[in-house]
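K.L.:
Below are the chains, spelled out letter by letter.
Protein chains: 2
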Amino acid sequence: MNYELFMGEALAEAQLAAGRGERPVAAVAVVDEAMVARAHDRMEESNDPTAHAVIGALRETARRLGRTRLADATIFTTQEPCPMCVGALMEADIETLVYAVANSVDGAAGTVVQLAQHPALPRRIKVVSGIRQDEAAELFAGVLSG
Amino acid sequence: MNYELFMGEALAEAQLAAGRGERPVAAVAVVDEAMVARAHDRMEESNDPTAHAVIGALRETARRLGRTRLADATIFTTQEPCPMCVGALMEADIETLVYAVANSVDGAAGTVVQLAQHPALPRRIKVVSGIRQDEAAELFAGVLSG
Numbered sequence: 001m002n003y004e005l006f007m008g009e010a011l012a013e014a015q016l017a018a019g020r021g022e023r024p025v026a027a028v029a030v031v032d033e034a035m036v037a038r039a040h041d042r043m044e045e046s047n048d049p050t051a052h053a054v055i056g057a058l059r060e061t062a063r064r065l066g067r068t069r070l071a072d073a074t075i076f077t078t079q080e081p082c083p084m085c086v087g088a089l090m091e092a093d094i095e096t097l098v099y100a101v102a103n104s105v106d107g108a109a110g111t112v113v114q115l116a117q118h119p120a121l122p123r124r125i126k127v128v129s130g131i132r133q134d135e136a137a138e139l140f141a142g143v144l145s146g
Numbered sequence: 001m002n003y004e005l006f007m008g009e010a011l012a013e014a015q016l017a018a019g020r021g022e023r024p025v026a027a028v029a030v031v032d033e034a035m036v037a038r039a040h041d042r043m044e045e046s047n048d049p050t051a052h053a054v055i056g057a058l059r060e061t062a063r064r065l066g067r068t069r070l071a072d073a074t075i076f077t078t079q080e081p082c083p084m085c086v087g088a089l090m091e092a093d094i095e096t097l098v099y100a101v102a103n104s105v106d107g108a109a110g111t112v113v114q115l116a117q118h119p120a121l122p123r124r125i126k127v128v129s130g131i132r133q134d135e136a137a138e139l140f141a142g143v144l145s146g
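Protein sequence lines, in the order shown, are assigned to chains A and B.
With this note's numbering as the guide, the letters of the first sequence map in order to residues 1 to 146.
With this note's numbering as the guide, the letters of the second sequence map in order to residues 1 to 146.
Hints listed in this document are in silico derivations from the structure and should not be mistaken for laboratory results.
From a predicted model like this one, the values you see are computed outputs, not experimental measurements.
Over the 12 Å line for every Cβ pair with chain B, so calculated as not near, a few chain A residues: (1) L16; (2) V128; (3) G130; (4) E138.
What follows is a list of derived Cβ distance ranges for each label pair: (5) A:E138 / B:G142: 51 to 57 Å; (6) A:A120 / B:G130: 17 to 23 Å; (7) A:D32 / B:G142: 38 to 44 Å; (8) A:D72 / B:G142: 30 to 36 Å; (9) A:L5 / B:V128: 45 to 51 Å; (10) A:N2 / B:S129: 45 to 51 Å; (11) A:P119 / B:V128: 26 to 32 Å; (12) A:A137 / B:D32: 38 to 44 Å; (13) B:D32 / A:K126: 44 to 50 Å; (14) A:D32 / B:G130: 45 to 51 Å; (15) A:G8 / B:E9: 44 to 50 Å; (16) A:G8 / B:S104: 38 to 44 Å.
Heads up, the beta-carbon is just placed ideally off N, CA and C, and yes, glycines get one too.
Isolated chain A (complex conformation) (with noise of 0.2 Å):
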């Protein structure tokens, strides 16, 4: 899997979220080495604060291919992920999340709480992180200084 394509895949739709006005992440989901789904950051334009890039990707992922489990789909998002997506991604049974930058204020994948692959829980997580994060940096970067 090439895990630096498909990041790109995932900056450039933060990259469209941020011309949006929403925060600048985003997720694709990939299976089979093909992205079957990408999502960003909705919350503003939705008014739902579920609207996260994660979810959306998920429920994408599950609608093109008619089912809920997804063991078989891997995660690319731009920023580690908050408890409410690393929960959705054990919903649907995801074993593969790629992330670029790490999320300081509730990353649920390791940095603030380690949820991705908690003891207790049924389900864990393998978790990739550092994939571009250069450029997922600079994305919030530029929404700050903008």
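Position chain B against the provided structure of chain A, taking the given hints into account.
P.N.:
What follows is chain B alone, placed relative to chain A:
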């Protein structure tokens, strides 16, 4: 606040879910002593792994109130929420959660993991548990034996 009354509304909604082949779990949102949203699990009907009752109730509340910050809303749910749903409560700034029966599989308000009052996360949620828990447990027993 009459916890038993509003939990009764959630229990009725959970009964409805069971009759539709969903998990018997539901949630209602209450603002100023009035119910503003009700939702049940809809994973089967909607083919959406994120369509848990709490997520549905939060989305509906945000839509009705026209805002994503819902600190004045109390969420009642028949079962202790999973990590995704506790995380969603945090995203919506919910201050109080009331649940009926504990969730021994992935309860994230203290039973399996403690997200609701995790010291490292930016928000804490007050949790009231055990309200009409026998009735909520009976709904699960009915589904298992039916």
